[in-house]
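Model the full assembly from the supplied sequences, consistent with the hints where possible.
Chains as they are written, first to last, in the numbering used here: chain A, 1 to 459; chain B, 460 to 918.
Think of the hints as simulated: they come from the structure by calculation, not from any bench.
Mixed in with the good hints, there may be bad ones.
Claimed, not checked - Label-pair restraints from in silico Cβ distances:
hint	chain 1	residue 1	chain 2	residue 2	range
1	A	E440	B	A648	37 to 43 Å
2	B	N859	A	S8	32 to 38 Å
3	B	A564	A	D355	37 to 43 Å
All C-beta atoms, glycine included, are put in the ideal place defined by N, C-alpha and C.
There are 2 protein chains.
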Amino acid sequence: MIQKTSSSLIDTLRDRRQRLANLIDFPAILWSGTSSPRNFPANVFPFRASSHFLYFAGLPLPNAAICLTAGKLELFMDDPQPSSALWHGEMPHREKIAQMIGADAAKPIAELELYTQGAATIAVQDATTWTQQSQLLNRWVLPQQTPQGIDLDLAKAIISLRLVHDEGALIELRKAATVTAKAHMAGMAATIRAHIEAEIRAAMEQVIIANNMTTSYSSIVTVHGEVLHNDQYHHSLQPGDLLLADVGAETEMGWAADVTRTWPVTGKFSSTQRDIYDVVLAAHDACIAKIHPGVEYQDLHLLACTVIAEGLVDLGIFQGNPEDLVEMDAHTLFFPHGIGHLLGLDVHDMEDLGDLAGYEEERTRSDRFGLGYLRLNRPLRSGMLVTIEPGFYQVPAILNDSNLRLRYQNVVNWERLSQFADVRGIRIEDDVFVTQEGSEVLTAALPTKASAIEHLVSG
Amino acid sequence: MIQKTSSSLIDTLRDRRQRLANLIDFPAILWSGTSSPRNFPANVFPFRASSHFLYFAGLPLPNAAICLTAGKLELFMDDPQPSSALWHGEMPHREKIAQMIGADAAKPIAELELYTQGAATIAVQDATTWTQQSQLLNRWVLPQQTPQGIDLDLAKAIISLRLVHDEGALIELRKAATVTAKAHMAGMAATIRAHIEAEIRAAMEQVIIANNMTTSYSSIVTVHGEVLHNDQYHHSLQPGDLLLADVGAETEMGWAADVTRTWPVTGKFSSTQRDIYDVVLAAHDACIAKIHPGVEYQDLHLLACTVIAEGLVDLGIFQGNPEDLVEMDAHTLFFPHGIGHLLGLDVHDMEDLGDLAGYEEERTRSDRFGLGYLRLNRPLRSGMLVTIEPGFYQVPAILNDSNLRLRYQNVVNWERLSQFADVRGIRIEDDVFVTQEGSEVLTAALPTKASAIEHLVSG
Numbered sequence: 001m002i003q004k005t006s007s008s009l010i011d012t013l014r015d016r017r018q019r020l021a022n023l024i025d026f027p028a029i030l031w032s033g034t035s036s037p038r039n040f041p042a043n044v045f046p047f048r049a050s051s052h053f054l055y056f057a058g059l060p061l062p063n064a065a066i067c068l069t070a071g072k073l074e075l076f077m078d079d080p081q082p083s084s085a086l087w088h089g090e091m092p093h094r095e096k097i098a099q100m101i102g103a104d105a106a107k108p109i110a111e112l113e114l115y116t117q118g119a120a121t122i123a124v125q126d127a128t129t130w131t132q133q134s135q136l137l138n139r140w141v142l143p144q145q146t147p148q149g150i151d152l153d154l155a156k157a158i159i160s161l162r163l164v165h166d167e168g169a170l171i172e173l174r175k176a177a178t179v180t181a182k183a184h185m186a187g188m189a190a191t192i193r194a195h196i197e198a199e200i201r202a203a204m205e206q207v208i209i210a211n212n213m214t215t216s217y218s219s220i221v222t223v224h225g226e227v228l229h230n231d232q233y234h235h236s237l238q239p240g241d242l243l244l245a246d247v248g249a250e251t252e253m254g255w256a257a258d259v260t261r262t263w264p265v266t267g268k269f270s271s272t273q274r275d276i277y278d279v280v281l282a283a284h285d286a287c288i289a290k291i292h293p294g295v296e297y298q299d300l301h302l303l304a305c306t307v308i309a310e311g312l313v314d315l316g317i318f319q320g321n322p323e324d325l326v327e328m329d330a331h332t333l334f335f336p337h338g339i340g341h342l343l344g345l346d347v348h349d350m351e352d353l354g355d356l357a358g359y360e361e362e363r364t365r366s367d368r369f370g371l372g373y374l375r376l377n378r379p380l381r382s383g384m385l386v387t388i389e390p391g392f393y394q395v396p397a398i399l400n401d402s403n404l405r406l407r408y409q410n411v412v413n414w415e416r417l418s419q420f421a422d423v424r425g426i427r428i429e430d431d432v433f434v435t436q437e438g439s440e441v442l443t444a445a446l447p448t449k450a451s452a453i454e455h456l457v458s459g
Numbered sequence: 460m461i462q463k464t465s466s467s468l469i470d471t472l473r474d475r476r477q478r479l480a481n482l483i484d485f486p487a488i489l490w491s492g493t494s495s496p497r498n499f500p501a502n503v504f505p506f507r508a509s510s511h512f513l514y515f516a517g518l519p520l521p522n523a524a525i526c527l528t529a530g531k532l533e534l535f536m537d538d539p540q541p542s543s544a545l546w547h548g549e550m551p552h553r554e555k556i557a558q559m560i561g562a563d564a565a566k567p568i569a570e571l572e573l574y575t576q577g578a579a580t581i582a583v584q585d586a587t588t589w590t591q592q593s594q595l596l597n598r599w600v601l602p603q604q605t606p607q608g609i610d611l612d613l614a615k616a617i618i619s620l621r622l623v624h625d626e627g628a629l630i631e632l633r634k635a636a637t638v639t640a641k642a643h644m645a646g647m648a649a650t651i652r653a654h655i656e657a658e659i660r661a662a663m664e665q666v667i668i669a670n671n672m673t674t675s676y677s678s679i680v681t682v683h684g685e686v687l688h689n690d691q692y693h694h695s696l697q698p699g700d701l702l703l704a705d706v707g708a709e710t711e712m713g714w715a716a717d718v719t720r721t722w723p724v725t726g727k728f729s730s731t732q733r734d735i736y737d738v739v740l741a742a743h744d745a746c747i748a749k750i751h752p753g754v755e756y757q758d759l760h761l762l763a764c765t766v767i768a769e770g771l772v773d774l775g776i777f778q779g780n781p782e783d784l785v786e787m788d789a790h791t792l793f794f795p796h797g798i799g800h801l802l803g804l805d806v807h808d809m810e811d812l813g814d815l816a817g818y819e820e821e822r823t824r825s826d827r828f829g830l831g832y833l834r835l836n837r838p839l840r841s842g843m844l845v846t847i848e849p850g851f852y853q854v855p856a857i858l859n860d861s862n863l864r865l866r867y868q869n870v871v872n873w874e875r876l877s878q879f880a881d882v883r884g885i886r887i888e889d890d891v892f893v894t895q896e897g898s899e900v901l902t903a904a905l906p907t908k909a910s911a912i913e914h915l916v917s918g
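Laid out in structure tokens, this is it:
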């Protein structure tokens with residue numbers, strides 16, 4: 001787990017805690033968490049440290065905590081039991097780890113209780129840890145509850161730091177993006193010889209595992225792209241199917257990528273698939289072209305909706321004026337979700353804090369269908385990383401809904417739509433870093449153009 | 460998750476609950492559990508249903524429970540929310556699933572509280588579920604605590620069933636063993652071109668993922684086989700290294716395999732590596748040859764110890780009589796763990812119940828070093844599945860222990876041992892089914908002989 005760290009990590013961490021100290025005047029204790037059991041206590045899921053801990057401690061240390069006070073970092077963790085060397089090998093001791101991350105002090109976990117007075121925290125996801133947090137701080141610290149009081153102040157301070165990625169973060173995010181692009185290319189290259197979805201998933205995750213990374217979320221690799229959160233991989237690949245792959249890598253230090261491509265399993269889009277693909281790509285490209293500090297992310301979403309509506313008017317699926325169609329939410333028939341979200345240590349960055357990170361203060365979720373699913377509603381700032389992921393889906397639960405069919409009876413040409421039955425779901429998703437000049441697509445190594453995709457699949 | 464079931468599954472499940480009804484005269488409620496969160500609530504680890512639930516319900520249904528009463532099966536789960544069709548597609552409804560598993564009735568989860576009177580249960584691992592279990596049954600149901608009262612009676616009854624695998628289980632266990640053997644062969648074939656451990660792990664897990672299975676535990680794929688529970692994969696492969704891979708597949712219905720092979724990264728064992736490898740293989744083969752109903756598993760362990768001691772005497776590493784060496788636990792210097800464990804729905808089958816499954820009633824763990832780690836101490840019965848996994852390790856924490864060096868100063872030729880420095884860790888592990896005639900190695904498709912291993916690595 002821990003190989004080496006560099007002076008640049010130490011500098012990065014020092015800078016982060018100094019900037020935190022400029023925002024809060026109380027101590028913060030951040031726990032790393034513990035492994036969650038799978039089917040019995042000794043068989044655990046791979047350990048994933050809390051993202052807030054990782055941001056300030058740099059290393060995925062299990063069963064540890066850090067106390068941040070006025071720019072100082074104190075590490076709390078127990079040294080390995082002597083007997084653990086038999087099973088786990090010689091592990092670095094507390095003092096050594098403290099050196100690696102530039103901590104000012106290192107203490108046994110039992111001493112943490114001397115530091116809880118007036119300290120704020122953020123709930124960790126696993127029940128063992130949030131129970132410990134609650135006991136030690138003598139108040140409920142619950143992962144499903146919006147933080148209150150100084151915990152809320154801490155959350156807002158951390159959000160303001162984590163919203164804008166520093167150079168140390170960017171190095172990791174680039175690594176995740178690079179490996180993710182390679183994984184998608186491997187998936188495309190494996191498709192012609194594959195018989196079921198699982199084989200393509202395997203080819204993609206192999207690249208991630210071989211690079212000593214993990215997936216940052218459960219992969220979606222499916223010929224049923226219209227099921228937005230599909231976690232099944234058993235379907236056979238049939239000529240004419242599109243394969244939608246939403247797969248991202250996460251580095252050892254926890255930084256994530258999140259990329260989707262959609263490709264024809266035969267290596268050749270049908271003309272109808274190509275038409276819709278190009279509509280989705282036009283929305284993708286239009287959003288990325290517009291990204292710039294100061295631009296409202298919600299406006300990118302609405303731009304994507306408009307470009308999709310326009311494209312569908314051109315194809316004769318919609319009739320009417322694109323702006324009017326978006327105004328009446330007609331695009332949500334085919335593009336029901338949001339244009340994207342924050343990306344960082346979490347694939348939906350800081351979503352453990354609900355909408356505190358995604359939504360600018362005073363803003364709340366829309367009650368419009370579609371817009372209500374938008375996970376990010378802030379003006380863009382240089383240093384933010386966001387996904388741009390427009391899509392087109394024929395979701396039976398939407399298109400067969402009699403209320404919706406009635407509401408949009410005059411704007412949809414259902415007969416024309418039926419000619420596009422071989423397009424169940426298409427999504428194109430990239431990770432875009434907001435720069436002072438505009439944007440940089442971290443996943444640009446992976447083509448988006450239909451012809452380039454066909455070439456990668458056909459080999 | 461759920462594709463199809465067959466009448467044979469329904470028959471298997473009916474038979475299991477009828478046999479349970481012959482053992483207990485109170486209702487049993489078994490929960491399946493829920494997904495555990497990773498870094499935020501919406502990003503969960505892959506769902507793994509409780510093994511006891513899987514045994515009687517057959518399918519990995521999240522957030523479900525079954526009530527077993529006198530051979531009757533009642534299924535409790537909620538139908539999917541209408542809105543879930545958008546995100547998760549059309550999922551089978553309760554009534555449909557009840558048909559698939561041959562349930563006698565299907566009810567919303569809220570009705571479960573009407574069935575709790577006098578019902579026994581077994582704690583599920585995730586905190587959300589054991590909290591629900593505790594609330595509904597109005598007593599603490601804790602995964603880390605030995606069950607009491609009727610819960611203990613239920614546990615013992617289920618153990619007596621799960622100890623002996625039926626035909627339905629065996630079909631799944633064979634599938635897991637077959638895919639695991641292929642994964643190991645893929646790992647061997649990928650070794651010559653690999654630079655780090657992670658690349659070999661990736662080649663192995665690719666096979667498992669491509670077959671729409673998961674790993675049944677965190678893979679060990681390491682050139683540091685002397686670290687028994689090594690979960691690191693970043694080491695580079697150096698000429699002269701041995702690669703130890705302990706990797707097993709788990710079928711969609713939850714049945715596990717658990718296999719270890721050790722191979723030279725160059726494709727050629729050194730003579731010292733080959734010598735030790737053959738000692739470990741001799742222990743492996745001797746144990747399997749002796750497996751037969753009625754044989755005490757602990758005697759297999761002691762047989763392995765004796766064969767290893769004998770081999771090390773022949774190599775000049777030990778001096779003395781093998782039986783005496785085992786009597787004085789000298790073999791634990793190099794083989795500190797047990798010869799294996801039960802295998803089934805859990806890789807350490809039913810270890811969620813502590814030693815209730817592994818240890819015959821009235822037996823407890825030995826306080827001898829080495830023997831105390833033995834996970835199974837019962838007479839073998841036809842239908843049991845066990846692992847046989849002898850090893851040889853040079854663990855610094857053991858071999859540099861001054862007390863141990865003193866205790867065994869007269870039986871170890873340390874100078875001779877130093878000639879075997881290129882053997883850090885070797886283990887050979889297979890999954891062996893106890894039959895009336897003796898045994899069947901489910902993983903026999905994967906060679907064990909050094910020359911065959913060399914051939915698979917060299918290609």
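Verification of the hints:
no.	hint	result
1	E440(A) with A648(B): 37 to 43 Å	holds (39 Å)
2	N859(B) with S8(A): 32 to 38 Å	holds (35 Å)
3	A564(B) with D355(A): 37 to 43 Å	holds (41 Å)
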